[in-house]
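Hints given; two lone chains; assemble the complex.
Protein chains in written order, with our numbering: chain A, 1 to 90; chain B, 1 to 635.
To be clear, the hints were calculated from the coordinates, so they are not data collected in a lab. There may be inaccurate statements among the hints.
[Unchecked claim] In silico contact screen, one side only, chain A against chain B (beta carbon under 10 Å); selected entries: (1) Glu33; (2) Gln34; (3) Val36; (4) Phe39.
[What the hints assert, rightly or not] Estimated spans, in silico, between C-beta atoms of each pair: (5) A/Thr27 x B/Leu152: 53 to 63 Å; (6) B/Gly134 x A/Pro68: 29 to 39 Å; (7) B/Lys222 x A/Met1: 51 to 61 Å; (8) B/Gln6 x A/Glu19: 49 to 59 Å; (9) B/Asp478 x A/Glu19: 54 to 64 Å; (10) B/Gln6 x A/Thr27: 41 to 51 Å; (11) A/Thr27 x B/Asn43: 54 to 64 Å; (12) A/Ala37 x B/Asp368: 25 to 35 Å; (13) B/Gly377 x A/Met1: 52 to 62 Å; (14) B/Lys409 x A/Glu19: 43 to 53 Å; (15) B/Lys416 x A/Met1: 54 to 64 Å.
Cβ coordinates follow ideal geometry from the N, Cα and C atoms, glycine included.
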Amino acid sequence: MGISINIHPSLRHLTNEQEVVQTSGSTVGQCLEQLVAQFPDIKEGLFAKDGKLLDYVTVYVNGESAYPEELAKSVHDGDELYIVMMIAGG
Amino acid sequence: MALNRQIAYIDLTTGDVKMKPIPIEIRKLFLGGRGLDMYLMYNHIEPGIDPLGPDNVVFVSAGILGGTLASASSRTHIGGKSPLTGFIGSANMGGFFAPELRWAGFDHIVIKGRAEKPSYLWINNGEIAIRDAGSIWGQTVHDTQQIIREELGDRDIKVLTIGLAGEKLVRFANVMTGMKDAGGRSGMGALLGSKNLKAIAVRGTMDIKIEHPEEALEYNRKIISQITSAKVSQTQGKLGTPFIWGATNTQGLIRVRNFQLNQLENADEVEPEALEELATGMAGCFGCQVHCRSKYIIPEGPYAGVYDEGPEYTSQGAFAGEPGCRSANTILVGNHLVNIYGLDNLETGSMIAWAMELYEKGILTIKDTDGLELRFGNDEALIEMVHRIAKRQGLGDILAEGPLRAAEKIGKDSIKYLIHVKGMSNLHSDERATPALALGIATGSRGADHLRSRPAIDLYHLPESVLRSIYSQPVPYDGPLSSDYHDYEGKPWQVRWQEMCYEAVDCLGICKYHTVFLGATLPSFEEWSELLYYNTGLELSPLDIWNVADRAYNIERLFNIREGMTREHDWLVDRYFDEPTKLGIPNIQGRTIDRDKFKRMIDEYYQHHGWDENGVPRPETLQKLGIENEPSHML
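Excised from the complex, chain B in its bound form (with noise of 0.2 Å):
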């Protein structure tokens, strides 16, 4: 049956392998994926440990529907104590690996101690072995894969690996698997690489039983026609995720030139149009019928003729918005970059960003930069910067710690113009128009962020009456909720209510591009109530299903605090309240946050947790959770 894969515990010092099932009682508080990582994070990391030290956990998971008949259940997720923040390190990728992980026999791998010399996992069809990764070392994401297949002789085998990011302990590394599924966010690899441990390759062939299938298929051919009917779905199988970062742009809700300007000016070669021209197909992950990944061929330079795929919208703000350049080719060959060394690349076009403005600046200096201009503009420079920090050269071995810690080495104003939250920085979009997005970025429990709290759709101009009955279920909402996005009423429970739709299906394994992200018609908590049982046998109401996000977001929120969190980390840096955007149509301009109105928003926000003034989950929440006694140590 699909609850029948086991949690596997490896300790790399020691090389002691433990497998458990996973108690159905368990199941019923966490589900899977993110929510049991996060139970088992908050009771396997000790407080106040070094991330890139032996004692910190690597979490990786496959969602409780992974690999079952429910579409799009591909995502795989990782955590662990965050090498770039210090708090939560979480991180979630599509493909195909969270699948063949399920067929191998297992759900959850529980990864402690250190490697004494290179290694990777061989999960194979219940079992699991340490093997010498003296072949791969040093080698890229995309060579990592082929040379293991080659090695265990299947080329069906997925590949979940670090490159040579990961290696030097960049603190925004990434893990991959396939091309471009990329665990971008906190640094999970550089966790990897200081482990000693390059990659974990699965192959399996145990069939997860479905409970119900003839029900599983049958409603699952209304979730593909509730998919694939919406035009955003069409839209991104057409375009994929650049398609967003266009009609952003064409507002002036992107953030450029650091966060000097919201708008990137005759963009006509990066427009998303232009990107499909250069396109050579689309691809999809494990179960999807929307297909948004971009397949090219680099056309010119010294990387013409070089495959990859992508880019994503996030790969548009890195190499085009935030460092000013306008080449669709900079932006394939960034997006080629970070995907073989295993880069974040909204960290990475971040830091290249504000290290721009430094040097515009005059706070780094054409020493600091070894000779190269690093302008906005300066194409070149860009991807010179790319290649230094995944080698830890020169200026790219200090950005390469990350915003917080870079800043504290360059010194002078150079924090001045961080754009940051909980030492992450932000991503590629400004929010200065948009106190909902705002606030989603300021208070996402991994730090600055799109994938955990935005309430997409806000932007969208939908009838309050859409809004309503998205947002008035499964928990009844009778506020204020508004078409308009310049509102701050009624902002802070969509920005709740994203957080539960997210955590959800980060529990399911399922894709957020399946569900109200970024089409208001798409599935949410009613379906998956539904496809859970067809799938599994577990019968969870939809506020079963919300109480289930809820209590792995509280586990998060109390991992942080342990970790040193306050209400201060819940805010964003001075630039969203001071200085006003300047570019854009008419009624985004002249925008700043409002500091007073902003902290309302956030006071509101945590009632609707049931968290105090300072944030921290209130004994009664954390009760009516089951969550009051943890670290329960069950597992």
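Next comes chain A alone, as it looks inside the complex (with noise of 0.2 Å):
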């Protein structure tokens, strides 16, 4: 069943236009470490050079903003993970 990644519209060029993503992982951190095996040029627009993930960038689980715990937050089989990005547009 594995979980699903939307992907936010200006990452898409990354992800040959795909809008959703599918792979495991049972925390957060894993399941972008398998969006980036396969797509690795999206780990620019994710990730600081810390490891962690860009100031403006968070992830919502199921509807739920993942912060504070964000890559170590939990998932599990069937959960929708969505990448959300605070460009705010200012």
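Here it is as structure tokens:
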């Protein structure tokens, strides 16, 4: 069944325009690792050099913000992740 | 109690000062802050008056929660007929002024007439005096505050003041408190200058009785947790608002070289992380846990060693993106200059960027600029123009008139390159790829603006379920909502909802960064209803608070219509429709706003408001809100 990741529109050129990518894992971090394994170029759009998510990137799990656990947050088969980018337009 | 603060009427021509209580019935209709100011504006300003003449009226206020136990209840509102647009003038600032005003016994100050000589107001524990401003006229924003504190012998005095720009009647002069808290938009500084009113100093030690103190404290603990547990708050506390500019520029949603490009390339030196390295710390406003204000010392050049606060993302736009400059030092210097002169940084940057495009297109010549090479990327010319605008020297005197008047004076095709709505320059973002944000810009009640209606979270790609939970209360909404920021469907409701959100907190006196502006999990109508009850005893449901906001927003609309606004004013300049974006990530490139779809958005937006096809509130809408007999002159 796996865990689906909804890709932010501004990152879809890095996923061959796929809106949803299927992954698996027991944490948000593991799912994102799988995403990067499939689409290596997306790493720069998600992660800072220290391995944390960028200051303006966060993840929602089943409609709830994963912050502050973020990468360590547990996920389960069938969960739906959204990559959220706090662009805000300013 | 928190509701016993008064309204003061000051006539600068005669010197008369009157004070009145604010009836509870009016509180329930408009709460305070921007909402009650709008009611007062519609009642006290006669139609068609000269905004810079003695008939205009200034309204200064605190929100109804100002200075209470509610977090970030720091905001001061100032209003009047705008010298820039001729429509509503309205600006909002953080800092510490509004709580002090309430501790001094007042919620609203209404200032009429014109002082014979430069003056300032001294408001101290229920008393108001008009004092001579001879010693501070001509002084900077920062020095004025210091001189007044020394003159009155109290370092805890809070001062709202204008700088040289306001004295010179620059039509986009702002009012300031503290180092950087600016009521920036719509030229309220020029309005004070036209009244010979340099400043308002306040000091108060009168307690505000909290109606349910234990519950208020406990509930605010929940609010603090809600705010500090949001990632956006943590990021703001680390980088300040420049994080927004950086993230947005990465996408290609920033206005560059006036409006010719949509991304500032090779911008490493002006990215938020670079500015963070120059910051000496962060500070906060009254009662705030976010602390988004950077402190800095200018590192090099003629201003090296000067301390100031900021820059906000608006200064990145004004002194980097729009003029096409790439120097952190230039941003810090530009930010410092608008702070001491009392200029709206957004309007200043926009006007100079526009002039740069005119220069590069040959519409302005080196003779017009008195020898200045006013080209994009020329940092020295940019900074020099800030001085000239504030002092009204040469071309600066023309630009100081604001977009439409300046275009009329310069002539030729200059108006074609203006980026404005309702005669107010747009902020520094590019909305061609984001119809929801474009609609917010076009319909904002005070002109092109991000702080009146912007559905910023539309860009976040939040799950539809999250959008639904936000946008379907307190008023039920089962229409379309989309996580895709390119869409047109459902966006008019988001703009309408955000208008009510921002109007509501402007009535309460709470900072927008503590709301569903940048963070989807931050407080909203439900929380405000609780905060209002615990702090003031007023029982208003979330829907009641929505209706307060709706009432005030309709009053703003009525004011604007009375001053000649039509549907044509809720529109964007042609470049939005005709010139595609060139830079940015692939799904941002090649974007324009579709005219027909945009017209339909505006139709839908009007319908959501209960306005007719011309944007005029329908009689039944006004009746439903209880404002069909305005102006009613109850206060």
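Out of the numbered hints, which ones does the structure contradict?
1, 2, 3, 4, 6, 7, 9, 10, 12
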